[in-house]
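Colleague: This is what each chain is made of:
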Amino acid sequence: MQKIFLGLLLLVASALGQQCSQAKITDVKATTSENLKLNTETAYVVTFKAQCAGNARNVPFYGEVNGNFLASSADASGETYEISWSQPIEKATSGQISVRIFDEENYNAYRKAQRSNGDLSKVKELQTVTFYHQGSYKGPSVQSELLVTVLFGVVFYFAQTIRNKIQA
Amino acid sequence: MKFVILLLSVFLINYVHSDAVNTNEDLEDARLLVAKNVLNNYVVEGLNLTIKYNIYNIGNSPALNVKLVDENFPAEYFEYATGFNVAQWARIPPQSNVTHIAVVSPKLPGLFNITSATVTYLPSEKATKVQTGYSSELGEVYIQRLRDYNRRFASHTIDWILFVVMAAPSIVIPYLLWSSSNSKYEKLEKSGKKSN
Numbered sequence: 001m002q003k004i005f006l007g008l009l010l011l012v013a014s015a016l017g018q019q020c021s022q023a024k025i026t027d028v029k030a031t032t033s034e035n036l037k038l039n040t041e042t043a044y045v046v047t048f049k050a051q052c053a054g055n056a057r058n059v060p061f062y063g064e065v066n067g068n069f070l071a072s073s074a075d076a077s078g079e080t081y082e083i084s085w086s087q088p089i090e091k092a093t094s095g096q097i098s099v100r101i102f103d104e105e106n107y108n109a110y111r112k113a114q115r116s117n118g119d120l121s122k123v124k125e126l127q128t129v130t131f132y133h134q135g136s137y138k139g140p141s142v143q144s145e146l147l148v149t150v151l152f153g154v155v156f157y158f159a160q161t162i163r164n165k166i167q168a
Numbered sequence: 001m002k003f004v005i006l007l008l009s010v011f012l013i014n015y016v017h018s019d020a021v022n023t024n025e026d027l028e029d030a031r032l033l034v035a036k037n038v039l040n041n042y043v044v045e046g047l048n049l050t051i052k053y054n055i056y057n058i059g060n061s062p063a064l065n066v067k068l069v070d071e072n073f074p075a076e077y078f079e080y081a082t083g084f085n086v087a088q089w090a091r092i093p094p095q096s097n098v099t100h101i102a103v104v105s106p107k108l109p110g111l112f113n114i115t116s117a118t119v120t121y122l123p124s125e126k127a128t129k130v131q132t133g134y135s136s137e138l139g140e141v142y143i144q145r146l147r148d149y150n151r152r153f154a155s156h157t158i159d160w161i162l163f164v165v166m167a168a169p170s171i172v173i174p175y176l177l178w179s180s181s182n183s184k185y186e187k188l189e190k191s192g193k194k195s196n
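These protein sequence lines map, in sequence, to chains A and B.
1 is the number of the first residue of the first sequence in this note's numbering; add one for each residue after it.
1 is the number of the first residue of the second sequence in this note's numbering; add one for each residue after it.
Rather than coming from a laboratory, the hints here were simulated on the basis of the structure.
The structure displayed is predicted, hence computed values, not measured ones.
By construction, the Cβ of each residue, glycine as well, lies at the ideal position given by its N, Cα and C atoms.
A hint or two may mislead.
[To be verified] Computed list of lysine-lysine pairs in DSSO-like fashion (alpha-carbon distance at most 27 Å, straight line): (1) A:K29 to B:K187; (2) A:K29 to A:K49; (3) A:K91 to A:K29; (4) A:K49 to B:K67; (5) A:K37 to B:K190; (6) B:K129 to B:K190; (7) B:K67 to A:K24; (8) A:K165 to B:K187; (9) B:K184 to A:K29; (10) A:K91 to A:K37; (11) B:K184 to A:K165; (12) A:K124 to A:K29; (13) A:K122 to A:K112; (14) A:K165 to B:K190.
[Unchecked claim] Which stretches of chain B does chain A cover? Using the computed rule of at least three CB atoms under 8 Å from a CB of chain A, they are: (15) 44-56; (16) 74-84; (17) 106-117.
[What the hints assert, rightly or not] Reference excerpt, derived from the structure (chain B facing chain A, CB under 8 Å, subset only): (18) N40; (19) T99; (20) S180.
Take the sequences, apply the hints, and build the full model.
Modeller: In structure tokens, the structure reads:
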């Protein structure tokens with residue numbers, strides 16, 4: 001059953017035949033959401049344009065982030081692609097994030113190498129996109145109202161000690 | 001005007017197929033479930049509203065020519081910062097999922113109805129009839145004014161500095177008056193002691 005199923009998959013893949021050879025990736029943009037109060041999760045979005053030989057559109061690309069593969073989505077024109085994912089804010093620590101973009105051929109080669117414990121470094125990605133996530137902004141560490149309360153507390157204490165001195 | 005959107009409580013996934021469904025193993029064709037979620041605690045005018053679409057293929061064959069169309073954010077009310085209102089996938093393999101994230105920013109405050117997105121696809125390579133499905137929807141949300149949001153959540157540092165400046169005269173002026181007369185009497189006291 002499984003073999004038939006795999007065969008069917010291959011058939012579909014070849015029937016579709018939409019592959020991007022000699023992909024040229026341009027206009028790479030990466031954005032992350034950084035507002036802790038506004039967002040429930042941190043979203044990471046990488047968009048890019050890809051030009052393929054034979055003007056193929058809406059072809060699959062795959063982004064590898066920390067060993068996980070994410071399939072790209074294409075816009076209405078089929079030329080701009082997006083790879084996106086989200087993480088709970090606590091887990092979205094600040095730092096460098098790199099996304100390796102693979103085309104279908106390299107993705108399959110990577111998967112095959114993974115299955116057969118082959119050399120993964122031999123499989124080359126199209127491009128690596130690195131960007132920096134600042135971490136979610138939690139606001140200033142000392143609240144301004146606290147600072148003002150402490151300031152007026154000090155003033156009050158100072159006034160009170162002088163008053164006590166005079167009255168004594 | 002607190003408006004918290006509970007992310008998963010509104011996880012109403014609409015079944016995409018009209019045929020009777022027994023179990024997942026029975027699904028020979030592709031069947032897509034679409035969840036549309038808002039990753040925001042608050043929806044604020046001019047600030048980012050993050051929408052996440054999750055598409056699950058619970059069938060046993062790949063869904064082909066998948067097209068997700070969301071007409072919910074028209075250009076006169078929303079601006080797309082990133083992501084697409086029409087997202088396409090050539091195929092979604094069986095038992096797998098894909099995500100798409102769009103970030104929009106509302107141009108106007110007020111009540112707004114977040115409705116479902118539409119997904120169209122071919123459930124198998126033999127299929128000629130395009131399947132249509134709808135995502136979950138969130139219903140009405142209130143888009144806050146940016147001013148109201150800032151009043152609540154901005155750090156207010158400038159406000160507090162102004163407060164200190166305004167409160168300072170009522171503390172500093174009596175203090176200066178007191179300290180000047182105090183020093184005067186102290187001088188008098190000292191000179192009085194000397195003359196004695």
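Colleague: Could you run down the list of hints and mark each one as holding or not?
Modeller: Quick rundown of the hints versus the structure:
1. As the CA atoms of A:K29 and B:K187 are separated by approximately 73 Å, the hinted pair breaks the 27 Å bound.
2. Between A:K29 and A:K49, the direct Cα distance comes to roughly 9 Å. Compliance with the 27 Å bound is thereby established for this hinted pair.
3. With a C-alpha separation of about 22 Å, the suggested pair A:K91 and A:K29 falls inside the 27 Å cut-off, and the hint holds.
4. Of the pairs offered as hints, the one joining A:K49 and B:K67 holds, with about 19 Å between alpha carbons and a cut-off of 27 Å not exceeded.
5. Between A:K37 and B:K190, the direct Cα distance comes to roughly 62 Å. Violation of the 27 Å bound is thereby established for this hinted pair.
6. For a cut-off of 27 Å, the pair hint linking B:K129 to B:K190 is broken: about 107 Å separates their Cα positions.
7. Between the alpha carbons of B:K67 and A:K24 the distance comes to roughly 24 Å, so the proposed pair stays at or under 27 Å and holds.
8. Between A:K165 and B:K187 the alpha-carbon distance is near 18 Å, which keeps this suggested pair within the 27 Å criterion.
9. Using a Cα cut-off of 27 Å, the hinted pair B:K184 and A:K29 is violated, with the two alpha carbons roughly 71 Å apart.
10. Taking the CA atoms of A:K91 and A:K37, the gap is near 16 Å; set against the 27 Å cutoff, the hint holds.
11. Between B:K184 and A:K165, the direct Cα distance comes to roughly 17 Å. Compliance with the 27 Å bound is thereby established for this hinted pair.
12. Straight-line distance between C-alpha atoms of A:K124 and A:K29 comes to about 21 Å, which keeps the hinted pair within the 27 Å bound.
13. For the hint linking A:K122 to A:K112, the alpha-carbon distance of about 12 Å falls within 27 Å, and the restraint holds.
14. Note on A:K165 and B:K190: the hinted pairing holds, with a Cα-Cα distance of about 18 Å set against a maximum of 27 Å.
15. Proximity of the stretch 44-56 of chain B to chain A, defined as three or more residues with a beta carbon under 8 Å from a beta carbon of that chain, is established by the 5 residues found.
16. For a cut-off of 8 Å, the count of residues in the stretch 74-84 of chain B with a CB near a CB of chain A stands at 4, and the three-residue condition holds.
17. For a cut-off of 8 Å, the count of residues in the stretch 106-117 of chain B with a CB near a CB of chain A stands at 0, and the three-residue condition is violated.
18. With 8 Å as the threshold, the beta carbon of B:N40 comes within range of chain A, its nearest partner Cβ sitting at about 6 Å, so the hint holds.
19. Look at B:T99: its Cβ gets to within about 6 Å of chain A, closer than 8 Å, so that hint holds up.
20. Using the Cβ-Cβ criterion of 8 Å, the hint placing B:S180 at the interface with chain A is not satisfied: the shortest such distance is roughly 14 Å.
Of the numbered hints listed earlier, those contradicted by the structure are 1, 5, 6, 9, 17 and 20.
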